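Peer 1: Sequence:
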Amino acid sequence: MSTSSTSTTSPSPIPLTRLHTLTHEILATVFPPTTTSYNHALTSSQNTEIINSLLGKILSEFSPSSGKGTGTGEGTGEGEGKGEGGYKWLVQSTIIQQTEEEGEGSVKRGMHSASGAYWNNERDGMWSCKWEGAEGRGFDVVVSVVWISVV
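For the sequence shown, UniProt numbering gives the first residue as 1, with consecutive numbering after it.
Hints were generated in silico from the structure; no laboratory data involved. Nothing here was measured: the structure is a model prediction, and the numbers come from that model. Don't take every hint at face value.
[Stated by the list, open to error] No farther apart than 20 Å at their CA atoms in a straight line, the calculated lysine to aspartate or glutamate pairs in the DMTMM-like style are these: (1) Lys57 - Glu122; (2) Lys130 - Asp140; (3) Lys130 - Glu49; (4) Lys88 - Asp124; (5) Lys88 - Glu61; (6) Lys57 - Glu25; (7) Lys88 - Asp140.
Please construct the entire structure, taking both the sequences and the accompanying hints into account.
Peer 2: Here is the structure:
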């Protein structure tokens, strides 16, 4: 799979392999192989599609009504009844333009992103990935998912 990712130490309410798969599928749809460069005019709609699609998949696949129960990440259903599987969800998407340095033929880009939170380290957490499928296309895509227990 073409993603690299990190997560917090708290258990994910969604199996991370499934989160990888969902993210990869959505990014491959938003950026088909015919997308060969960064297009600033499209970034707003692309980010919106990524965020709405991933949130929709999370809520449809891992809500109490789906029968998959996301209470603890093990499908036990613990914590269900508030929110979707006892969690609130946040999805962030960032599309980063790569530019060539004049006369050098090398790609120049820079980005640093950090997040902090005051939360329950036992149940709340965050996962992020940089999609490797954008390599050589003039852009990078970083997607983050945050889950916050409401129980």
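Peer 1: Would you mind marking each hint as holding or not holding in the structure?
Peer 2: Results for each hint:
Distance restraint check for Lys57 and Glu122: the Cα-Cα separation of roughly 24 Å exceeds the 20 Å cut-off, and the hinted pair is therefore not satisfied. Restraint check for Lys130 and Asp140: satisfied, since their Cα atoms lie roughly 7 Å apart, inside the 20 Å limit. In summary, the hint linking Lys130 to Glu49 is supported, as the alpha carbons are separated by about 17 Å, within the 20 Å threshold. Taken as a hint, the Lys88 and Asp124 pair is honoured in the structure, with Cα atoms around 10 Å apart against an allowance of 20 Å.
This hinted pair checks out: Lys88 and Glu61 have alpha carbons roughly 14 Å apart, not beyond 20 Å. With a CA separation close to 11 Å, the supplied pair Lys57 and Glu25 stays within the 20 Å bound. For the given pair, Lys88 sits about 27 Å from Asp140 by alpha-carbon distance, which is inconsistent with the 20 Å threshold.
The structure fails hints 1, 7 (numbered hints given earlier, in ascending order).
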